[in-house]
Amino acid sequence: MTPLVEAVGVTKRYGETVALDRAGIRVMTGQTHALVGRNGAGKSTLVSILTGLQAPDEGEVRFGGEPAPRLADRNAWRQRVACVYQKSTIIPELTVAENLYLHRHDLNRFGLIRWGLLRRKAAELLATWSVDVDVRLPAGELDVEQRQFVEIARALSFGARFIILDEPTAQLDAAAIARLFARIRTLQEQGVTFLFISHHLQETYEICDTVTVFRDARHILTTTVADLPHAELVAAMAGEAAGLAETSSRTAVPSGGGVVLGVRGLTYGDAYREIDFQIRDGEIVGLAGAAGSGRTELAETVAGLRAADAGTIEVAGRVPRPGSVPDALAAGVGFVPRDRHHQGFVPMMSIADNATMTVPDQLGEAGLISGRRRDRLARNLIANLAIKTPGPGLPVMGLSGGNQQKVVMARALASDPRLLVLITPTAGVDVKSKEFLLGKVEETAAKGTGVLIASDELDDLRLCDRLLVMFQGRVVAEMAAGWHDHDVVAAMEGVRLDA
Amino acid sequence: GSGAGGGTAASGGGKPVVGVDYPRSDTDFWNSFIKYVPQFGAENGLELKTSNSQNDISKLTANVQSLISQGVKGVVLAPQDTAAVAPTLQQLNTKKIPVVMVDTRPEQGDAYMVVRADNRAYGEKACKFLGEKLSGKGKVVMLQGDLASINGRDRTEAFNTCMKASYPGITVFGEATNWDGAVASQKFQTQLTANPDIKGVYMQSSFALSGTLQVLQQRGLLVPPDDPKHVFVISNDGIPQELKEIAAGNIDATVSQPADQYAKYALHYTKAAIDGKTFKPGPTDHDSTIIQVRPGLLEDQLSAPLVTADGATYAGVASVKPGDSSLWGNNLGG
Amino acid sequence: MPERTLTPATENAAPERERPRIRLARLRDFALIPAIIAIAVVGQIVNPIFLQGDNLINILQTMSEISLLVLAQTIVLVAGKMDLSLESTFGLAPGVAAWLTVTAGSGAGLGLLPGAWSIPITLAAGALVGVVNALLIVRFGLNGFIVTLGMLIVLRGLLTGISGGQTFFNLPASMLYLGSALWLGVPASIWLCLLLFAAGIVLLGFTKYGRALYAIGGNVDAAKAAGIRTDRVLWTALVGASVLAALGGLLMSGHLASVAAAQGDGAIFTVFAAAVIGGVGLNGGKGTMFGAFTGILLLYMIQNVLTLAGVPAQWIQALNGGIIIVALMLSRLTGGKVQE
Amino acid sequence: MPERTLTPATENAAPERERPRIRLARLRDFALIPAIIAIAVVGQIVNPIFLQGDNLINILQTMSEISLLVLAQTIVLVAGKMDLSLESTFGLAPGVAAWLTVTAGSGAGLGLLPGAWSIPITLAAGALVGVVNALLIVRFGLNGFIVTLGMLIVLRGLLTGISGGQTFFNLPASMLYLGSALWLGVPASIWLCLLLFAAGIVLLGFTKYGRALYAIGGNVDAAKAAGIRTDRVLWTALVGASVLAALGGLLMSGHLASVAAAQGDGAIFTVFAAAVIGGVGLNGGKGTMFGAFTGILLLYMIQNVLTLAGVPAQWIQALNGGIIIVALMLSRLTGGKVQE
Ligand SMILES: Nc1ncnc2c1ncn2[C@@H]1O[C@H](COP(=O)(O)OP(=O)(O)OP(=O)(O)O)[C@@H](O)[C@H]1O
Ligand SMILES: Nc1ncnc2c1ncn2[C@@H]1O[C@H](COP(=O)(O)OP(=O)(O)OP(=O)(O)O)[C@@H](O)[C@H]1O
Ligand SMILES: [Mg+2]
Ligand SMILES: [Mg+2]
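Residue numbers (my numbering), protein chains in the order written: chain A, 1 to 499; chain P, 1 to 334; chain V, 1 to 340; chain W, 1 to 340.
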């Protein structure tokens with residue numbers, strides 16, 4: 001049987017980085033094929049080659065046994081494959097409706113675009129995904145999750161028989177993921193083929209039948225999902241015999257420690273109201289909540305990105321000026337922002353510059369910067385966080401998504417913070433790295449740093465000593481370690497619990 | 001230009017090397033000048049090094065440096081900024097390199113000779129011509145050059161002064177045009193809309209020529225002088241096209257700047273300077289007068305003839321007909 | 001946030017609340033209309049001539065030639081590029097036509113071809129410039145700003161070279177026609193300008209090609225992913241813009257019955273000012289043709305009012321610039337967004 | 001890809017492998033050196049004067065004044081903004097000083113203040129312009145390109161206004177000093193230019209402040225989230241750039257012993273060309289001070305060679321532009337990256 005799509009012996013280099021090294025994949029018709037691998041394994045590179053955005057340096061791509069079309073023939077590619085790329089392909093200036101139907105506008109008999117029809121179709125399409133936005137809004141005004149849905153809805157609306165999804169779930173909350181999976185199952189029944197990339201391995205087990213593992217730019221194995229237990233899958237990805245280490249059970253935080261964060265009566269517009277809580281030295285506190293619950297805004301307020309309308313924040317005994325990141329930084333706050341592309345790093349600057357951006361004073365006297373000192377500091381951070389790079393001088397834009405996230409983490413840790421504020425810190429990070437990053441967080445906490453993690457990923461929250469669940473701008477529940485998943489999910493969705 | 005080649009041949013038994021910096025190459029007038037210079041250079045037995053300062057005084061300064069490096073024995077300059085040239089003059093003076101200036105007179109500093117026509121006289125001649133033609137009343141538009149240009153300002157001031165003194169019944173609308181034909185046409189059109197009874201136009205340079213004619217034509221005002229709707233137009237420069245238009249009766253007059261004479265006498269005086277000759281104020285052999293502007297600065301004021309269709313005399317200003325063979329605009333072929 | 005000031009103070013239900021924002025987005029096209037009305041009122045007060053048909057036609061005619069440059073630049077800007085060389089194409093294209101067709105006796109012409117060739121030559125010269133630009137920018141991936149800056153200088157230099165710095169006169173009749181004819185009593189160049197802008201509005205707002213320009217300007221990778229042949233679209237945009245500039249130059253030459261070596265010199269400042277005041281973004285993907293039109297209209301109205309007001313020559317420029325900045329601030333207030 | 005040709009064929013250990021890439025990144029700074037050498041060789045062949053000390057000093061002196069504008073623009077560009085008004089500040093700042101200090105008799109001066117005030121006034125005028133720019137751009141969030149385009153026109157207009165279009169001369173001695181003095185036999189303006197560029201290299205490459213500029217130009221939100229006071233940095237960059245422009249204007253005025261109403265007019269084209277050829281990106285966060293210096297040096301060397309070669313005036317401009325485009329293509333080949 002000829003595979004629906006096949007890549008053979010594909011090599012792709014970026015300068016010295018070998019992103020793909022004689023790698024390949026065979027996707028059979030009707031499969032839902034998972035592609036897994038650690039950050040930088042070359043998955044997205046393969047996607048760009050399979051969708052005709054880039055030509056491989058060596059090797060070839062075949063669709064149904066035929067050689068792939070020329071790169072310039074975009075229409076031929078689009079008939080063969082639809083894709084949700086890892087990098088956003090939303091055009092912020094254009095309306096949501098137009099983004100959905102970009103370059104497939106309906107024309108009237110004069111060859112002019114029928115905006116009204118287009119808008120109606122767009123509204124209907126989004127309604128099927130229960131995304132409630134006005135399609136006339138510029139797409140740039142959507143939040144990350146809505147934008148992700150626009151991408152997904154677009155890719156799935158082509159009627160293509162082969163659809164690639166590169167980490168579609170990284171920006172979605174549980175309910176949204178459920179909606180996506182329901183839709184994928186419907187399409188599976190119609191015989192649509194999927195290539196699915198995700199760092200949430202349980203998702204692979206949930207909807208995929210076949211799995212291909214890439215490691216270090218090479219193809220490692222392809223097998224049916226059922227034949228590959230979780231631990232072996234991780235081992236194949238990581239190249240080690242050992243699977244995931246058991247999460248160390250945290251020792252209880254000594255109750256005598258000082259208060260590192262005190263939040264009193266904090267209110268910010270419609271986002272959240274009258275929030276009170278404290279974090280003690282060495283304590284890890286989770287801030288759970290669905291999209292729009294106000295958790296992100298709250299965390300950003302603590303980090304100094306926003307100024308609250310009312311209430312106070314006290315960090316290690318100091319009250320930083322509201323809305324001032326430098327002040328918060330000086331008070332000892334380290335910060336991992338929500339969207340790394342937006343606020344996390346400067347793509348053209350080197351890893352060293354990005355990682356040390358928060359600590360210019362440590363790099364030299366009198367406003368000068370010693371390149372050697374900076375690189376030494378950066379090498380430490382790179383080693384510390386196991387960032388996969390040839391050296392500290394590489395621009396961050398040359399890193400894979402997960403490694404970029406580690407740079408953002410490095411930036412937060414560089415200042416030896418008293419309080420670490422993390423917003424969805426492991427978005428797009430592979431399992432090993434995730435374990436690793438969270439391990440680092442614990443390590444940091446063990447040295448007495450307080451940690452606030454705002455996330456809706458239960459995996460991120462598992463190491464918390466305490467969990468605050470937010471719903472519609474209020475803290476609706478507080479849970480001690482050892483909570484049950486379903487309680488948290490219920491609380492996040494606003495179901496009243498009589499605890 | 002002189003072409004490339006051994007710039008080191010400054011000294012020795014060859015011809016004396018003279019540097020000429022052209023002020024710009026984007027107007028008809030200066031292009032004629034540029035055309036004449038090699039011809040008169042050869043006539044005077046000079047080897048020329050040329051450069052072009054493109055209407056930028058700091059380029060002129062740099063160019064003069066280059067000319068000095070190439071060992072010139074005399075320099076011809078035509079700075080369009082008469083104040084900023086002072087340091088350059090000073091430097092040339094200390095190096096004992098004589099300078100002949102064309103078209104403009106330096107505000108400070110010495111030069112061996114200034115060869116120019118009197119720009120104030122241009123404005124005055126234009127004023128008298130229009131004043132007589134309009135019998136001392138009506139509205140006229142003056143399409144000025146650039147406010148930053150000394151020559152333009154001289155023409156403007158002289159025109160205004162003369163109008164106030166001799167023809168108080170005439171209203172003058174002055175419009176700055178940056179020496180730009182499109183701007184001139186636009187402003188003229190606007191003024192004509194606001195004041196349809198405008199009867200005269202003074203263009204301070206030929207750049208505005210065809211645009212002005214087009215506006216008149218569009219409004220049906222391009223009619224012979226005996227028609228009461230006629231608008232009297234006097235231009236400035238004396239390029240061939242102006243002479244042609246005068247002969248055709250489309251415009252009425254122009255003041256002919258002596259581009260050929262500029263080139264001829266600039267190089268003549270440079271040669272004289274190298275030969276160690278000196279001059280005194282007084283009339284010359286070529287129908288002009290040398291005046292002493294201030295100690296150390298002599299100026300040969302070449303005559304700039306008024307050209308009119310009939311060659312008559314206007315308020316004491318004699319004029320020549322457009323076909324006159326003494327006009328540089330009629331001698332461009334060679 | 002301007003939204004707050006525009007939204008009625010009462011709290012609306014959530015779906016209702018988005019309305020004003022959308023209405024506002026459409027309004028952004030009309031951001032300059034208040035400024036235009038203000039200038040018109042001031043103009044009328046300053047000089048009652050201002051609103052007379054004659055003067056309005058005068059304004060439109062004087063802007064018609066440059067406005068084609070604005071139109072061309074808007075297309076290029078929307079696609080995320082810039083073309084500074086348009087101002088030189090504006091002079092060079094008709095200059096080449098004049099050079100080849102004007103009889104050798106008068107001025108610098110060669111008189112190689114009959115006058116009827118002048119319009120095709122003008123447009124072809126424009127297209128050729130566009131091809132060179134596109135080759136360097138699209139094919140070789142050079143930076144558009146600096147390529148076209150270089151081209152601006154080269155093309156201006158070429159015009160100076162072929163003309164010897166002189167002005168071409170005695171143009172063939174076909175070159176004069178468009179710039180000087182009257183259609184229904186109104187200059188042909190005004191009709192052409194309005195027609196082309198109308199076509200531009202349709203092109204950018206209602207055709208696949210136009211939307212492809214926005215997509216490319218907004219995010220070229222996304223446009224590629226959506227199946228747009230970005231290179232081909234950019235080629236046509238750059239070549240088309242140069243042809244439009246050549247056409248504008250043709251109108252100007254016809255209007256002035258001559259081609260000066262400096263034709264178009266410095267116009268690019270006005271062109272950018274018009275486009276950007278009119279709401280066209282410099283980073284691509286933003287702005288409309290209608291906005292660009294209001295931008296250039298506003299600038300020429302200001303010029304006209306200042307001339308009619310008889311402002312002393314040395315202060316005209318300062319006032320002109322001051323008014324542009326104020327118009328910009330006004331459009332910021334109306335548009336409501338921090339600009340880029 | 002140039003990397004391959006530079007990497008030794010042998011496989012090195014991982015820590016060693018980063019070397020070539022970094023060496024290459026540094027090499028990009030020197031992208032123009034081959035072009036500069038080529039021009040020097042051509043110059044020497046064309047005219048043996050070229051490499052004489054006298055002529056080299058001439059080149060450096062001529063570029064010294066404008067080069068301060070390049071320096072200023074580079075700072076602004078790295079921070080992701082643009083300042084077109086620098087060319088007008090270059091004229092206006094010394095113009096204001098001359099206006100206030102030159103005795104009323106000569107030209108347009110008011111003679112209100114003694115000559116010793118002229119330098120402080122020049123710098124203060126520059127700073128004031130910078131403050132207005134920063135206010136409009138940083139504080140009110142207006143688009144920098146169009147604000148400074150407006151300011152370019154306003155400031156030029158102001159200079160025309162106060163001078164009545166005339167040139168100020170008889171400047172006080174203190175204004176003349178920097179532009180005309182010799183230090184160790186070399187014009188002071190050359191020393192100043194080299195010193196300031198050296199300072200600029202240190203500032204951008206080796207200071208906190210410089211890194212902040214790059215960060216802001218590269219991603220302003222990330223810079224903010226990393227605790228950089230972006231507004232404050234942008235304020236100082238814009239004000240500093242204007243002060244540098246004023247200083248450049250002061251040198252020019254001293255050199256020419258006068259302030260013309262057109263001083264600096266059109267210089268912004270050269271400034272952008274120099275910066276961009278020198279590798280400074282127009283979208284922020286890219287380029288080095290050394291690169292910008294090589295850019296302006298190359299441009300002035302080209303000018304000088306063309307003058308020495310005695311190229312006919314009407315072709316100088318075309319050649320000049322052509323060489324710029326070629327230099328750009330060369331730097332593309334050396335730099336190896338598609339530009340923006
Ligand atoms: N444009 C680029 N320039 C230079 N290097 C790149 C570029 N794109 C990818 N790379 C490199 O290629 C390698 C593979 O990257 P790729 O994005 O395919 O990884 P990935 O498997 O998708 O990782 P992730 O799970 O983090 O998304 C990485 O080492 C990355 O640094
Ligand atoms: N997505 C869009 N992008 C840009 N402009 C748009 C968009 N949608 C609509 N417009 C503009 O909105 C205006 C109205 O468009 P149109 O007349 O097609 O809509 P409609 O009348 O509401 O719908 P219908 O076609 O159902 O009658 C047009 O000027 C069009 O340019
Ligand atoms: Mg990826
Ligand atoms: Mg409709």
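It is possible that part of the hints are untrue.
Partial pick of chain A residues on the chain W-facing surface, computed with a CB cut under 10 Å [stated by the list, open to error]:
#1 Leu137
#2 Leu305
#3 Asp339
#4 Asp353
#5 Ser370
#6 Gly371
The calculated lysine to aspartate or glutamate pairs, modelled on EDC-like cross-linking and capped at a C-alpha distance of 16 Å, are [as the list claims (entries may be wrong)]:
#7 W:Lys224 / A:Glu365
#8 P:Lys199 / P:Glu157
#9 W:Lys208 / A:Asp339
#10 W:Lys208 / A:Glu365
#11 A:Lys87 / V:Asp221
#12 V:Lys208 / A:Asp106
If you are wondering where the hints come from, they were derived from the structure by calculation, not from laboratory data. Predicted model only: the values in this text are computed from it and were never measured. For each residue, glycine too, the CB sits at the ideal point set by N, CA and C.
Consistency of the hints with the structure:
The interface hint given for Leu137 (chain A) is broken, as the beta carbon of that residue sits about 21 Å from the closest beta carbon of chain W, more than 10 Å. With its C-beta approaching chain W no nearer than about 6 Å, Leu305 (chain A) sits inside the 10 Å limit, and its interface hint holds. Evaluation of the Asp339 (chain A) hint against chain W yields a held restraint, the C-beta minimum of about 9 Å falling below 10 Å. With 10 Å as the threshold, the beta carbon of Asp353 (chain A) comes within range of chain W, its nearest partner Cβ sitting at about 6 Å, so the hint holds.
Look at Ser370 (chain A): its Cβ gets to within about 8 Å of chain W, closer than 10 Å, so that hint holds up. With 10 Å as the threshold, the beta carbon of Gly371 (chain A) comes within range of chain W, its nearest partner Cβ sitting at about 7 Å, so the hint holds. Restraint check for Lys224 (chain W) and Glu365 (chain A): not satisfied, since their Cα atoms lie roughly 23 Å apart, outside the 16 Å limit. About 20 Å separates the Cα atoms of Lys199 (chain P) and Glu157 (chain P), which puts this hinted pair outside 16 Å; it is violated.
Taking the CA atoms of Lys208 (chain W) and Asp339 (chain A), the gap is about 25 Å. The hint is violated against a cut of 16 Å. The hinted pair formed by Lys208 (chain W) and Glu365 (chain A) meets the criterion: a straight-line CA distance of about 10 Å does not exceed 16 Å. About 10 Å separates the Cα atoms of Lys87 (chain A) and Asp221 (chain V), which keeps this hinted pair within 16 Å; it holds. For the hint pairing Lys208 (chain V) with Asp106 (chain A), the CA-to-CA distance comes to about 9 Å; that is within 16 Å, so the pair holds.
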